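Trainee: Okay, here's what each chain looks like letter by letter:
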Amino acid sequence: SQTIHQWPATLVQPVGSPLSLECTVEGTSNPNLYWYRQAAGRGLQLLFYSIGIDQISSEVPQNLSASRPQDRQFILSSKKLLLSDSGFYLCAWSVGSGNTIYFGEGSWLTVV
Amino acid sequence: AQSVTQLGSHVSVSEGALVLLRCNYSSSVPPYLFWYVQYPNQGLQLLLKYTTGATLVKGINGFEAEFKKSETSFHLTKPSAHMSDAAEYFCAVSEITGGGNKLTFGTGTQLKVEL
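Line by line, the protein sequences are chains A and B.
Each step along the first sequence adds one to the number in this note's numbering, with nothing skipped, and position 21 is 21.
Each number in this note's numbering comes from the position in the second sequence (counting from 1) with 1000 added on.
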């Protein structure tokens, strides 16, 4: 069966420091991969999605970037964090078109 | 572009009472619709989804939702609430892109279940 792993689960970082959140999917090939952010009291905002290696679309201009170095690995990065980057980050995957998107357990980022 | 509106950011019901969480969508193409549940500090778990066919969809934990095209709605219901149903619920509509799909979420409804 397919599983998704996301880490770290919790992260406290100072303003201006770099960020790297990693996500891997097991048990499937060529998944669509996603990064969502959930800010306190708000819904989920799609940040990036990828349909293949080095095929990444950015949904919202921001201080973050994403990379997909391998088929089942998706990394969310920042060179310099802002206070506004704090939130709950969710990695997700799907296969094909119109199918269910499955979420990881999320990563709490607090920028101080 | 698709959009989702969830009426009521907070809903409170008594244990054993009917749960009704409202969702209206906007889509220029036949939509795929989803309900997800999120327990505190966890990821999202799929409750149910509508793609095509029968408009009444049954999901996990006794939840169901009915797709009503004329009303552009996909409301979530459960006949009898349980304390364990307390969580945040998200409605979402799927947008099919080239080679994949994206979900647009509503802002969520926090369900509180009281004794």
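Please note that a few of the clues may not be correct.
[As the list claims (entries may be wrong)] Distance windows between CB atoms, simulated: (1) 63(A) with 1010(B): 38 to 48 Å; (2) 84(A) with 1010(B): 16 to 26 Å; (3) 1069(B) with 3(A): 33 to 43 Å.
In short, the hints are calculated from the structure, not lab data.
Bear in mind the structure is a predicted one, so any value in this text is a computation, not a measurement.
Glycine residues also receive a C-beta, built at the ideal position from the N, C-alpha and C atoms.
Trainee: Is 33 to 43 Å respected by the C-beta to C-beta distance linking residue 1069(B) and residue 3(A)?
Mentor: 36 Å, holds
Trainee: Do residue 84(A) and residue 1010(B) keep their Cβ atoms within the hinted range of 16 to 26 Å?
Mentor: 25 Å, holds
Trainee: Looking only at beta-carbon atoms, does the pair residue 63(A), residue 1010(B) fall within the given range of 38 to 48 Å?
Mentor: 31 Å, violated
Hint compliance for this structure: hint 1 alone is broken.
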